[in-house]
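Please put together the full structure from these sequences, using the hints given.
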Amino acid sequence: MICNDTQELLRFLTPAARVLGLDLGTKTIGVALSDVGLQIASPYSLISRKKFTRDIAELSAIVTKQNVGGIIIGFPRELDGTVGKACHRVYAFVDEMQNYIDLPILLWDERLSTNAVERILIEDVDMTRKRRAQVVDKTAAAYILQGALDNLNLHTDPGATPDDDDDEDEFGNEEA
Numbered sequence: 001m002i003c004n005d006t007q008e009l010l011r012f013l014t015p016a017a018r019v020l021g022l023d024l025g026t027k028t029i030g031v032a033l034s035d036v037g038l039q040i041a042s043p044y045s046l047i048s049r050k051k052f053t054r055d056i057a058e059l060s061a062i063v064t065k066q067n068v069g070g071i072i073i074g075f076p077r078e079l080d081g082t083v084g085k086a087c088h089r090v091y092a093f094v095d096e097m098q099n100y101i102d103l104p105i106l107l108w109d110e111r112l113s114t115n116a117v118e119r120i121l122i123e124d125v126d127m128t129r130k131r132r133a134q135v136v137d138k139t140a141a142a143y144i145l146q147g148a149l150d151n152l153n154l155h156t157d158p159g160a161t162p163d164d165d166d167d168e169d170e171f172g173n174e175e176a
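Sequential numbering of the sequence shown, starting at 1, is according to this note's numbering.
Since the hints were derived computationally from the structure, they do not count as laboratory data. Glycine included, each C-beta is placed from N, C-alpha and C at the ideal position. Be aware that a few hints might be false.
Taking lysine-lysine and the DSS-like style, the derived pairs with C-alpha atoms no more than 30 angstroms apart in a straight line are [stated by the list, open to error]:
1. Lys-27 x Lys-85
2. Lys-65 x Lys-27
3. Lys-50 x Lys-27
4. Lys-51 x Lys-85
5. Lys-51 x Lys-27
6. Lys-51 x Lys-65
7. Lys-85 x Lys-50
8. Lys-65 x Lys-50
Have a look at the derived ranges for each label pair, beta carbon to beta carbon [to be verified]:
9. Lys-27 x Ile-101: 15 to 23 angstroms
10. Val-36 x Asp-102: 19 to 27 angstroms
11. Ala-57 x Thr-82: 29 to 37 angstroms
12. Tyr-91 x Thr-53: 16 to 24 angstroms
13. Gly-81 x Asp-35: 29 to 37 angstroms
14. Arg-49 x Met-1: 22 to 30 angstroms
15. Glu-8 x Asn-67: 18 to 26 angstroms
16. Lys-27 x Gly-84: 15 to 23 angstroms
17. Ala-61 x Thr-82: 29 to 37 angstroms
18. Asn-99 x Gln-39: 30 to 38 angstroms
Right, dumping it as structure tokens:
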């Protein structure tokens with residue numbers, strides 16, 4: 001099922017479930033994983049794309065091993081916000097993936113995420129071109145996932161449970 005926003009995704013997560021972040025490329029899939037507190041995204045692995053069934057088998061193994069409860073996939077809109085060819089490739093992947101992995105999915109706007117990660121790796125880390133090629137996609141997946149986690153936490157009251165009603169004002173007082 002595709003969720004509309006981070007709050008909808010949160011409602012479907014079981015306690016202590018992690019969230020998987022994916023950066024879908026034509027040659028690789030960058031994979032990132034959240035902590036169980038849904039605060040921090042970390043690069044996890046890189047899947048070299050071969051056949052869809054093999055790629056899904058690797059993702060399924062990660063989902064099972066890491067107790068993943070939801071997936072956030074980078075959605076590469078065009079710079080003007082429109083949906084282009086790359087977005088249609090993501091739609092196709094998600095449509096097929098849902099036949100194998102039954103988890104809530106959120107498509108997260110990832111415009112320029114790979115460029116941002118490349119810039120960080122060059123300017124701040126001074127990483128060589130060869131080493132950057134090995135880590136950029138899984139780091140981009142972590143960048144995408146962290147953006148979604150930050151949004152989720154920005155809009156979540158840490159003292160509330162997903163079932164709490166919104167019948168209190170900003171100070172916690174009951175509204176009439």
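Does Lys-27 pair with Lys-85 here, judged by a C-alpha cut-off of 30 angstroms?
Answer holds: Lys-27 to Lys-85 is near 16 angstroms, not above 30 angstroms.
For a C-alpha distance cap of 30 angstroms, please report whether Lys-65 and Lys-50 respect it.
Holds, at about 22 angstroms.
task: For the pair we were handed, Lys-85 and Lys-50, check the Cα-Cα distance against 30 angstroms.
output: Judged against 30 angstroms, a Cα distance of about 20 angstroms means the pair holds.
- [ ] Mind checking the hinted window 15 to 23 angstroms against the Cβ distance between Lys-27 and Gly-84?
- [x] Since the Cβ atoms of Lys-27 and Gly-84 sit about 19 angstroms apart, the hinted range of 15 to 23 angstroms holds.
>> Is 15 to 23 angstroms respected by the C-beta to C-beta distance linking Lys-27 and Ile-101?
In response: 21 angstroms, holds
**Message:** Taking the Cβ atom of Arg-49 and the Cβ atom of Met-1, is their distance within the range 22 to 30 angstroms?
**Reply:** 24 angstroms, holds
### Message
Run the distance test for Lys-51 versus Lys-65: straight-line Cα separation, threshold 30 angstroms.
### Response
21 angstroms, holds
Item to check | Verdict for Ala-61, Thr-82 (Cβ pair) under range 29 to 37 angstroms | outcome: Holds: the Cβ-Cβ distance is about 35 angstroms, inside 29 to 37 angstroms.
### Message
Given a hint of 19 to 27 angstroms, does the C-beta separation of Val-36 and Asp-102 actually sit inside it?
### Response
20 angstroms, holds
Lys-65 paired with Lys-27 [C-alpha distance capped at 30 angstroms]: Roughly 24 angstroms separates the two Cα atoms, so the pair holds.
* **Asn-99 versus Gln-39 beta-carbon gap, inside 30 to 38 angstroms or not** => Holds - the Cβ-Cβ distance for Asn-99 and Gln-39, about 31 angstroms, lies within 30 to 38 angstroms.
Do the beta carbons of Glu-8 and Asn-67 sit within 18 to 26 angstroms of each other? At 20 angstroms between Cβs, range holds.
The structure meets every hint from the earlier list without exception.
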